[in-house]
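Chains as they are written, first to last, in numbering that gives the first Met the number 0: chain S, 0 to 148; chain Z, 0 to 148; chain B, 0 to 148; chain F, 0 to 148; chain H, 0 to 148; chain U, 0 to 148; chain A, 0 to 148; chain V, 0 to 148; chain D, 0 to 148; chain C, 0 to 148.
Just so you know, the hints here were simulated from the structure itself, not pulled from any lab data.
Accuracy of the hints is not assured; some may be wrong.
Stated by the list, open to error - Distance condition first, Cα-Cα at most 30 Å in a straight line; then the derived DSBU-like pairs of lysine-lysine:
{"#": "1", "chain 1": "S", "residue 1": "Lys18", "chain 2": "S", "residue 2": "Lys56"}
{"#": "2", "chain 1": "C", "residue 1": "Lys146", "chain 2": "V", "residue 2": "Lys135"}
{"#": "3", "chain 1": "S", "residue 1": "Lys56", "chain 2": "D", "residue 2": "Lys48"}
{"#": "4", "chain 1": "V", "residue 1": "Lys48", "chain 2": "D", "residue 2": "Lys21"}
{"#": "5", "chain 1": "U", "residue 1": "Lys56", "chain 2": "F", "residue 2": "Lys15"}
{"#": "6", "chain 1": "B", "residue 1": "Lys15", "chain 2": "B", "residue 2": "Lys56"}
{"#": "7", "chain 1": "H", "residue 1": "Lys18", "chain 2": "H", "residue 2": "Lys56"}
{"#": "8", "chain 1": "S", "residue 1": "Lys56", "chain 2": "S", "residue 2": "Lys21"}
{"#": "9", "chain 1": "H", "residue 1": "Lys15", "chain 2": "H", "residue 2": "Lys56"}
{"#": "10", "chain 1": "H", "residue 1": "Lys56", "chain 2": "B", "residue 2": "Lys15"}
{"#": "11", "chain 1": "H", "residue 1": "Lys15", "chain 2": "F", "residue 2": "Lys146"}
{"#": "12", "chain 1": "D", "residue 1": "Lys21", "chain 2": "D", "residue 2": "Lys130"}
{"#": "13", "chain 1": "U", "residue 1": "Lys21", "chain 2": "H", "residue 2": "Lys146"}
{"#": "14", "chain 1": "C", "residue 1": "Lys130", "chain 2": "C", "residue 2": "Lys21"}
{"#": "15", "chain 1": "C", "residue 1": "Lys15", "chain 2": "C", "residue 2": "Lys56"}
{"#": "16", "chain 1": "Z", "residue 1": "Lys56", "chain 2": "Z", "residue 2": "Lys15"}
{"#": "17", "chain 1": "F", "residue 1": "Lys18", "chain 2": "B", "residue 2": "Lys146"}
{"#": "18", "chain 1": "C", "residue 1": "Lys18", "chain 2": "C", "residue 2": "Lys48"}
{"#": "19", "chain 1": "D", "residue 1": "Lys56", "chain 2": "D", "residue 2": "Lys18"}
{"#": "20", "chain 1": "S", "residue 1": "Lys18", "chain 2": "S", "residue 2": "Lys48"}
{"#": "21", "chain 1": "A", "residue 1": "Lys130", "chain 2": "A", "residue 2": "Lys21"}
{"#": "22", "chain 1": "V", "residue 1": "Lys15", "chain 2": "U", "residue 2": "Lys48"}
{"#": "23", "chain 1": "B", "residue 1": "Lys146", "chain 2": "Z", "residue 2": "Lys130"}
{"#": "24", "chain 1": "F", "residue 1": "Lys146", "chain 2": "S", "residue 2": "Lys56"}
{"#": "25", "chain 1": "U", "residue 1": "Lys15", "chain 2": "U", "residue 2": "Lys135"}
{"#": "26", "chain 1": "F", "residue 1": "Lys56", "chain 2": "S", "residue 2": "Lys15"}
{"#": "27", "chain 1": "Z", "residue 1": "Lys21", "chain 2": "B", "residue 2": "Lys56"}
{"#": "28", "chain 1": "D", "residue 1": "Lys56", "chain 2": "S", "residue 2": "Lys15"}
{"#": "29", "chain 1": "F", "residue 1": "Lys146", "chain 2": "S", "residue 2": "Lys48"}
{"#": "30", "chain 1": "B", "residue 1": "Lys18", "chain 2": "B", "residue 2": "Lys56"}
{"#": "31", "chain 1": "C", "residue 1": "Lys56", "chain 2": "A", "residue 2": "Lys15"}
{"#": "32", "chain 1": "U", "residue 1": "Lys130", "chain 2": "F", "residue 2": "Lys56"}
10 protein chains.
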Amino acid sequence: MITCRSQVTEMILSCKVRKGLKWRQVAEAIGMSKEWTTAGCLGQMAFDKTQAETLGKLFELSDEAIAWLQIVPYKGSLPTAVPTDPLIYRWYELVNVYGSTIKELIHEEFGDGIMSAIDFSMDIQREADPKGDRVKVVMSGKFLPYKSY
Amino acid sequence: MITCRSQVTEMILSCKVRKGLKWRQVAEAIGMSKEWTTAGCLGQMAFDKTQAETLGKLFELSDEAIAWLQIVPYKGSLPTAVPTDPLIYRWYELVNVYGSTIKELIHEEFGDGIMSAIDFSMDIQREADPKGDRVKVVMSGKFLPYKSY
Amino acid sequence: MITCRSQVTEMILSCKVRKGLKWRQVAEAIGMSKEWTTAGCLGQMAFDKTQAETLGKLFELSDEAIAWLQIVPYKGSLPTAVPTDPLIYRWYELVNVYGSTIKELIHEEFGDGIMSAIDFSMDIQREADPKGDRVKVVMSGKFLPYKSY
Amino acid sequence: MITCRSQVTEMILSCKVRKGLKWRQVAEAIGMSKEWTTAGCLGQMAFDKTQAETLGKLFELSDEAIAWLQIVPYKGSLPTAVPTDPLIYRWYELVNVYGSTIKELIHEEFGDGIMSAIDFSMDIQREADPKGDRVKVVMSGKFLPYKSY
Amino acid sequence: MITCRSQVTEMILSCKVRKGLKWRQVAEAIGMSKEWTTAGCLGQMAFDKTQAETLGKLFELSDEAIAWLQIVPYKGSLPTAVPTDPLIYRWYELVNVYGSTIKELIHEEFGDGIMSAIDFSMDIQREADPKGDRVKVVMSGKFLPYKSY
Amino acid sequence: MITCRSQVTEMILSCKVRKGLKWRQVAEAIGMSKEWTTAGCLGQMAFDKTQAETLGKLFELSDEAIAWLQIVPYKGSLPTAVPTDPLIYRWYELVNVYGSTIKELIHEEFGDGIMSAIDFSMDIQREADPKGDRVKVVMSGKFLPYKSY
Amino acid sequence: MITCRSQVTEMILSCKVRKGLKWRQVAEAIGMSKEWTTAGCLGQMAFDKTQAETLGKLFELSDEAIAWLQIVPYKGSLPTAVPTDPLIYRWYELVNVYGSTIKELIHEEFGDGIMSAIDFSMDIQREADPKGDRVKVVMSGKFLPYKSY
Amino acid sequence: MITCRSQVTEMILSCKVRKGLKWRQVAEAIGMSKEWTTAGCLGQMAFDKTQAETLGKLFELSDEAIAWLQIVPYKGSLPTAVPTDPLIYRWYELVNVYGSTIKELIHEEFGDGIMSAIDFSMDIQREADPKGDRVKVVMSGKFLPYKSY
Amino acid sequence: MITCRSQVTEMILSCKVRKGLKWRQVAEAIGMSKEWTTAGCLGQMAFDKTQAETLGKLFELSDEAIAWLQIVPYKGSLPTAVPTDPLIYRWYELVNVYGSTIKELIHEEFGDGIMSAIDFSMDIQREADPKGDRVKVVMSGKFLPYKSY
Amino acid sequence: MITCRSQVTEMILSCKVRKGLKWRQVAEAIGMSKEWTTAGCLGQMAFDKTQAETLGKLFELSDEAIAWLQIVPYKGSLPTAVPTDPLIYRWYELVNVYGSTIKELIHEEFGDGIMSAIDFSMDIQREADPKGDRVKVVMSGKFLPYKSY
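So here's chain S without its partners, still in its complex pose (with noise of 0.2 Å):
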């Protein structure tokens, strides 16, 4: 019996594991980009019933598993509110150390308002340098002014 999607998610990470998949192998089979893909498969995005169903070929799931991939997620990928993963924390550091910076920017641009989480798409590759390759994140998102009433 499934009760939860993180029970899938543990399916598809174990069989990843067996098979030697690569995530961008499976945003492929999907059609999908790889940041999405990984995200929905991490049990932060809910598939439609074509991806599910090639997900479920792809990772050896049960119907029942196959279900539960249609089903949005409580989401939230990280155990501790401040995650203690040195790649993850480097990103909670980004927020403690620019945040104040990246919201006086935006405001000063655009005014009161938001740069979306939900209207949002990344894209990370790989950026060769001679002083050592970097990594490029690419994030998009839309501005929501405050609505005043």
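Using the hints provided, position chains Z, B, F, H, U, A, V, D and C relative to the given structure of chain S.
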């Protein structure tokens, strides 16, 4: 008597509002990007002597305050571990929802290691869009491989 | 020297008590709803120039304070993550008890996405009832679908 | 052996996914609102005998599970004090940003007291809008004046 | 300039110590119980005009402070979520040790609902006992049944 | 293998639901108050041999479980420092709102010391009231003066 | 204007450093143990009139401060739940490492109940030892049996 | 498969209840104090081979469990930072109320440094008293002076 | 089915105790330092294929477990933000007591930047000392200057 | 009036910036290491009379401030349990990632006990490296075996 950098940050913010300055203008004055300049003025970066003196004139700071601008500050710009401000929270949420995804994809591309938050730069731009303009953020951080020994 | 918006909020609250003003009167003075006006005066919204000047006269504020009213504030009006005040706690409790229900029903109706807290309005009214009058709150937030990419 | 209500919640969720049920259908089956019914199925309300038996058939529950549905549960549906799920977080954010406003306006209208979260009902509807449909939530809670003695 | 109720609480406490007043005397002066009066003076209840003026004379308060006594305060009298003071902690401990018991017994007697902390009164008395006097506390709160709808 | 008292609490709760027992009946069976008996069954008190054996028969417990009922448990019946359940939260709220009041009044009557939560008893009754029945709780705790030495 | 006991504690500490007083001398002056006297001066105990007046002379306190010394303070001398100071942390660690042991042994000897922290005394002495002197602490607290009723 | 020491602690506690053993008997069996022995059995100390084998017989442990008794455990015996159990909380309270006092008096006697919690012993005894027996705890920890360099 | 790396860590620890292995032996088997090897076995580093296979033989792991050893783990080896284990706490304490000192001295020598915890190595040795042997730890981390842009 | 050591720390930091002093110079002035001297100036160590007077001249302190430098301070130099400053966080991260490794290796070499953070010294040096200079930190702490008794 100035006893910590945050007092100088308050002086800068107070003067900026009184004089109606823009961060872009401040950045131009010292010849650096608006992102790094704003972070520095908000107490997250240290300035060199020339930069500090230029800022001192712009924000009408005392010599003591100008000296403090050249001291490396205790960093972290948020009053709580989970930020309450909606704009900044969306960034925390991105780390929470996409954190494990970012980790998986960087490891898939680069192996074990992190994206540096120190050898790092950020660029925030308006992205015109007929369905509503977007905030485009490009981040670039050096990949640092975990040393095995 | 004013160094953050919360100082202006204190000035407003202090003057409001001294002069015995009502939030409805304040809202009428700037021609906006009582909900948005109160939130703004409590340091959660930014006012435009005309609104700020009207509030400045009403609350006997200095030009510097009026300038701060036009700056987007660092939002979040509660001193603790779980509010201690009984009236506000009941709202936290509603989120706690009904949060998963709201999630299920919005997803059932709209699919994956959220109800915006930015493109949002609220109306609070007295609802007469022979068994004891009730507080009626109508909230309206744009549905934002999660972008897949 | 069932030892707490959350085990029954898991059975319900598991069966709901397997059978592809909608909360509206569940609500109709027991003749109550979709909001109260969903909250009850998610372990936040107690059902009477008839309701529990109807749910038992719908979700293929054992007699023991049906007995548990009639027990008042330990309430609170969120795994953390500050919810990580974006949809639910927006509600927490509303309490954070508008909490002090709601407090001021209810006190201005009613005096000292609270809006009940017990003698309370909620209605969630789609609100058609050419700029994008909205979620409309109407909440009604009895005003309870603080007793002075 | 008074900017929040807690400043008035401090004035009251300071004057009470200077003049050596007893809470019983304060309560008699405004004709209310010692429990409600003390809670009000400690910033947990709002007073009416007559009460506030009487307290103003007793505690030598300014007109501005008297006005603040009539404003509903932000409630919650403890500096930490788990109180450190031993006397108050014992009450927290009672909630911790007996909380589930109180829940079970109220539900057994009344069904689903709560004991109101708003329509509530409390009486604290000395109970003579040859083995050592006891503190007797009688609490009375209206039962509020959960509304089903 | 039973390794802690909470396992026995779960057995008791499970059997109580299956057999439809009332706490009053349980209390009568061992000849103690319903308050102390319930607290004990919920893992907050230790029973003597006779009581434990009677409970063993009532709840169909093994000899090992009966032995555990006689062991002093690790006390504290709430899963979080601030309880989420609305009924129990109201009690936490009372401590928060009235905590400083209780402290002041006990000190005014008795001097420095505490009301014992160990040499303590509690009685919960229905109080008939035409405006809605009330929960009446009488608590009695020995006053313990702080020793000076 | 003095508004809480901690202000008096600061006056005492400030004067103690200026005058180079020892806690032993302070204790002798009021004829109590050094442990209780120090705790009282640090804001954890209430003094009687004679003691307060003697302390007032010793620490050059105003009459208002002397009055505050006779008020029962809000107790708890540590700024964080887990103390950061290494000396005090070792005591926290002892509770952490030996807490369950102390519980087991007191219950084995006395049955269910606690060691009082109110009817309690403590004596701290130097214990000469050729391998390095030791701190010897003798604590004595009345055993309080849990009341069954 | 045993994967951590706490599993062995559970086996010991389970067997101790089944066989009705006393900690004093366990301590005698291995010829150590009851305080150290109990702490070890509760997973806070490591045993040598002979001790572990004696305990293995007493508690009917497997060879694997006996091997784990000789491994240094991850220490800390409390499930929360602030303990909820009343007996253990009193000790936490002593640290909170008397912590600053202990610090002052040890520094006054010894200078800067700490009382060791490692080179440490404890003795818990019943102290007969006509007004009610007392728990007497003697602690002895080596003073460790802070090294200056 | 293995679903996360920590399951493999448990297998390794369990086998290590059963077979009485030393970390030095493990390190020699894979030809790496004892520090890095231990961290890897405890789930903090990723192994290459050869290392993983050698460890698989040593610890009698399945192929699935060996595959997991080559996956970058979610790092962070402590169950709580402030560690309770005395040995590990001392290190936390060093960060707490000396953290600001380390920051000042690194900035004084190198300017703004950090000592890398990724391009990092550590060596732990026994340092013989007639007054008691010492633990000598040598840490070496690349200095990373903050990028200005 | 100086009421705690942190006020003196602020005076020192303020003067250090005004006069452009280096910690190395300060250390030379009192003839101690730069690590211990800096820690002391930042409020983590107590100075003797001669050291305090030398520092008093260097930092232009009053006699009262000089007296406070000789008082053992309440230690702990970080404003939050998990440090936000990136340089200091890396050290917290090392404890988090390598904490269990350090524990294992010290126990393997020394048996049960800890590395002292009191009988401890630290040396921070620049380590020249063609691939980028490194920070080399040597720590030496006495091993303290757990006493069994």
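Quick rundown of the hints versus the structure:
no.: 1; hint: S:Lys18 / S:Lys56; verdict: holds (12 Å)
no.: 2; hint: C:Lys146 / V:Lys135; verdict: holds (21 Å)
no.: 3; hint: S:Lys56 / D:Lys48; verdict: holds (28 Å)
no.: 4; hint: V:Lys48 / D:Lys21; verdict: holds (17 Å)
no.: 5; hint: U:Lys56 / F:Lys15; verdict: violated (38 Å)
no.: 6; hint: B:Lys15 / B:Lys56; verdict: holds (12 Å)
no.: 7; hint: H:Lys18 / H:Lys56; verdict: holds (12 Å)
no.: 8; hint: S:Lys56 / S:Lys21; verdict: holds (15 Å)
no.: 9; hint: H:Lys15 / H:Lys56; verdict: holds (12 Å)
no.: 10; hint: H:Lys56 / B:Lys15; verdict: holds (23 Å)
no.: 11; hint: H:Lys15 / F:Lys146; verdict: holds (25 Å)
no.: 12; hint: D:Lys21 / D:Lys130; verdict: holds (28 Å)
no.: 13; hint: U:Lys21 / H:Lys146; verdict: holds (24 Å)
no.: 14; hint: C:Lys130 / C:Lys21; verdict: holds (28 Å)
no.: 15; hint: C:Lys15 / C:Lys56; verdict: holds (12 Å)
no.: 16; hint: Z:Lys56 / Z:Lys15; verdict: holds (12 Å)
no.: 17; hint: F:Lys18 / B:Lys146; verdict: holds (27 Å)
no.: 18; hint: C:Lys18 / C:Lys48; verdict: holds (23 Å)
no.: 19; hint: D:Lys56 / D:Lys18; verdict: holds (12 Å)
no.: 20; hint: S:Lys18 / S:Lys48; verdict: holds (23 Å)
no.: 21; hint: A:Lys130 / A:Lys21; verdict: holds (28 Å)
no.: 22; hint: V:Lys15 / U:Lys48; verdict: holds (17 Å)
no.: 23; hint: B:Lys146 / Z:Lys130; verdict: holds (13 Å)
no.: 24; hint: F:Lys146 / S:Lys56; verdict: violated (63 Å)
no.: 25; hint: U:Lys15 / U:Lys135; verdict: holds (26 Å)
no.: 26; hint: F:Lys56 / S:Lys15; verdict: violated (38 Å)
no.: 27; hint: Z:Lys21 / B:Lys56; verdict: holds (26 Å)
no.: 28; hint: D:Lys56 / S:Lys15; verdict: holds (23 Å)
no.: 29; hint: F:Lys146 / S:Lys48; verdict: violated (56 Å)
no.: 30; hint: B:Lys18 / B:Lys56; verdict: holds (12 Å)
no.: 31; hint: C:Lys56 / A:Lys15; verdict: holds (23 Å)
no.: 32; hint: U:Lys130 / F:Lys56; verdict: violated (39 Å)
In summary, the structure is inconsistent with hints 5, 24, 26, 29 and 32 from the numbered list given earlier, while agreeing with the others.
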